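Visitor: For reference, the chains in residue letters:
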Amino acid sequence: MGYILSRLISLVVSLAAASVVIFAAVEVVPGDPAAFMLGLNASEDTIAALRAELGLDGSVLERYVGWVGGMLTGDFGTSYTYRVPVADLVSQRIVVSLPLAGYALLLSTLLAVPAGLVAAAWRGRAPDYGIMAASQLGIAVPNFWFAMLLVLAFAITWKIFPAGGFPGWEAGFWAGMRALTLPAIALALPQAAILARVLRSALIEQTGQDYIRTARAKGLSSGAALRRHGLRNAMIPVLTILGLQFSFLLAGAIIIENVFFLPGLGRLIFQGITQRDLVVVESVTMLLVCAVIVVTFLVDIAYALVDPRLRRR
Amino acid sequence: MAMADTASPQAEQGLQLDKLSLAIHGTQILQDVSLTIAPGQILGLVGESGSGKSLTAFSVARLLPEGSVTSGQVTLDGTDLTALSEADMCALRGLRLSMIFQEPMTALNPVKTIGDQVAETLLIHRAANRRQAYARAADLLARVGLDPERIPPGRYPHELSGGQRQRVCIAMAIALQPQLLIADEPTTALDVTTQARILALLRDLVREEGMACLLITHDLAVVSQLADRIAVMQKGQIVEAGPTGQVISKREHPYTRALFAASAHQPRRAAAATQAPLLEVREARRDYRLPRASLWQAPGHLRAVDGVSFTLRKGESLGLVGESGCGKSTLSRAILGLEPLQAGTIALEGAPVAPEMGADLRGRMQVVFQDPYASFNPRHRVARILSEPFYLTGRPPDAEQRIAAALEAVEMSASDGLKYPHEFSGGQRQRIAIARALITRPDLIVLDEAVSALDVSVRATVLDLLAGLQERFGLSYLFISHDLTVVQAITDRVLVMQKGRIVEEGPTRAVFEAPRHAYTQALLAAAPRLVEDA
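Line by line, the protein sequences are chains W and R.
Just remember that the working numbering sits 1021 ahead of the position in the first sequence, which is counted from 1.
Just remember that the working numbering sits 5 ahead of the position in the second sequence, which is counted from 1.
Hints were generated in silico from the structure; no laboratory data involved.
No farther apart than 20 Å at their CA atoms in a straight line, the calculated lysine to aspartate or glutamate pairs in the EDC-like style are these:
1. R:Lys117 - W:Asp1328
2. R:Lys117 - W:Asp1231
3. R:Lys319 - R:Glu354
4. R:Lys117 - W:Asp1321
5. R:Lys240 - R:Glu257
6. R:Lys504 - R:Glu344
7. R:Lys319 - R:Asp453
8. R:Lys319 - R:Glu285
9. R:Lys117 - W:Glu1226
10. R:Lys504 - R:Glu288
11. R:Lys424 - R:Glu393
12. R:Lys240 - R:Asp23
Derived Cβ-Cβ restraints for the label pairs, each shown as a range:
13. R:Ser380 - W:Arg1297: 51 to 61 Å
14. W:Glu1226 - R:Arg294: 23 to 33 Å
15. R:His306 - W:Ile1294: 50 to 60 Å
16. W:Trp1166 - R:Asn382: 41 to 51 Å
17. R:Asn382 - W:Trp1179: 50 to 60 Å
18. W:Gly1079 - R:Arg384: 57 to 67 Å
Note that the structure is a prediction, hence the values are computed from the model and not measured.
No residue lacks a Cβ here, since even glycine has one placed at the ideal position from N, Cα and C.
Turn these sequences into a full structure, and let the hints guide you.
Guide: Put into structure tokens, the structure is as follows:
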């Protein structure tokens, strides 16, 4: 329990620190956000009007407290370009991005764990070379190109999955999942390639351990000893990578979102930046930072579940 | 089970090795090894590291590295193991043949409970369903002496001491009452008192279960007390074998004689300790903060060193003995000025020793650890490793000559400075570590279990070297060890440490001959001694 509490405290402290940094980067650093958002040709009056609208006239502390307090109550401000509350924009996007990231992560784990196990168990032999070559390819080839191949094969030739767009969850769960399948595969493949490599080397490190020898002396075959004893000990680096990958998938899927015309968070933040909509950028960035910190917290909890030695810290 | 005290008519019972040979990647490791162990008997296989003892065991269990080629026969209760498939061997390991290894600290899976790990042996061989297996595991853990009140089966390995972990390994090994138990250096990593208890447990189990037991060890005293028969191995061959008493009294083969001579080796020491004090420790106290039990509770403290006082004189060799966890390593770190004291003082010829002390003072004290390989950077050449202490004193203009001189002082050649640590044997590496300690021309060398990992014959030569260096350079030694024979051989005076306190102090000979404190007496009683002419 002490461990969970200490991780929770670290979570809250990280969130507070991140909010200060983001706020400072967007609002406090020199330059007028309102002037920046309106561009070079704006008149003094429109800038003053926007300043008032954005609440830039108060002191730094007031503005910070207002911003954080707003976010805590679900008020993320109003987008300047869309003229709708940022909370609405985000909630429309997150129902696409979150399932997509989870789907991709699931696929990548399902691919990587067997691949890593087989490669480690057959180290230096044909299955290992095959899996290592495939994973090298997976890391080297850009995922948008994969995405286009997938569209060619599964959407145009065989017409199993749609080529792009998202019908919304109102169209039904399976319709939504079908739309997300190809993008999830395209996202999962490079991630799986990295994960399989990390798992393989972590497992190979375990094969030399004394307790694997003990397991063999009890009558387990070398493959079974690795599966039943090595895998859980190899999980710590794998969990670390999984946590990083989830954060990336949530916000970094922008290229894939563009290829498949998906209304995700990545596109929202990209549009926010190109349209100089600082309200959107600031809030979505904070939201993503939140997600990353929460995932880190969950990974910390998972460490302790996997390794009893960490529980008493 | 059949008692086989007399020559058994069932010759196929127990384990027979018939002309077992092993080559790994073309290198001959074992040559025509023939052994017989009857049920209920312990065969002690002795020899130095690299002689092929462990690989004999792994050949029997067929757990050899890749590239191994064996010939000859291994028969366990009438089954020829060499003829079995790998799947059949898996079915047999743990059921009819089981193993215990040297390192109890790492032999258990750290992320599974001890109960799970013992139950696994039963589950693998489908000897019980899940619930029965856990119940049986609890019984087995109690049987090997783990009190279920204090060490319940739900504990994890890191919550246990080394001796307790070895008990768990034994419980796993005997779970299915195997016909053969292979114990590979089962007590080498343990303290003397723990060692005595584990050995007694093993002996009783072997007798009660009627197992044949192959006990592999480098410690002649252990086999002399425990084994019914001894086989002496040298370079992959059995050079002498027979009943324990006979092998010990006759020592027919020259290698057997050399082994016994080395284990009882007494280095000739000419250096005379002076009366001038070099290191003075006064009422030293060292506390550690324990992790908080809960967030709002003040953290507890562990007093690792509790009011220790002693004086080490110039040219003296002082022994510090005690079991692991008694505080001897903590004390040595404070003496080296690596950690601060909470109370008391340490002074080297009057100069206070503390973590913030100057480099000059640091250069006057050096240390040699148990595992030299772990304290060398494997990517540095020996000359660079030796020159490291010059960071303390500044690189002298004659650095090259001093490195060469230090290597020659430890009976190595100056050209060895161009090699890397992995090119040397364990004994040579320990010589390099000693050379590194000599390079700053220190007054005091702390030897922390410095010969504990070495074979008896190598240990004998290193002890001779240490004695010679002491005489030549007027060095003082603080010799920290759990091995009483070594302390007896090389020290003038000895301190016995228990739970952070010095419980007995005196001239080595007097303490060993007439120990006054109960703890010293227990330590000496537990230490295995050669049973001569049994």
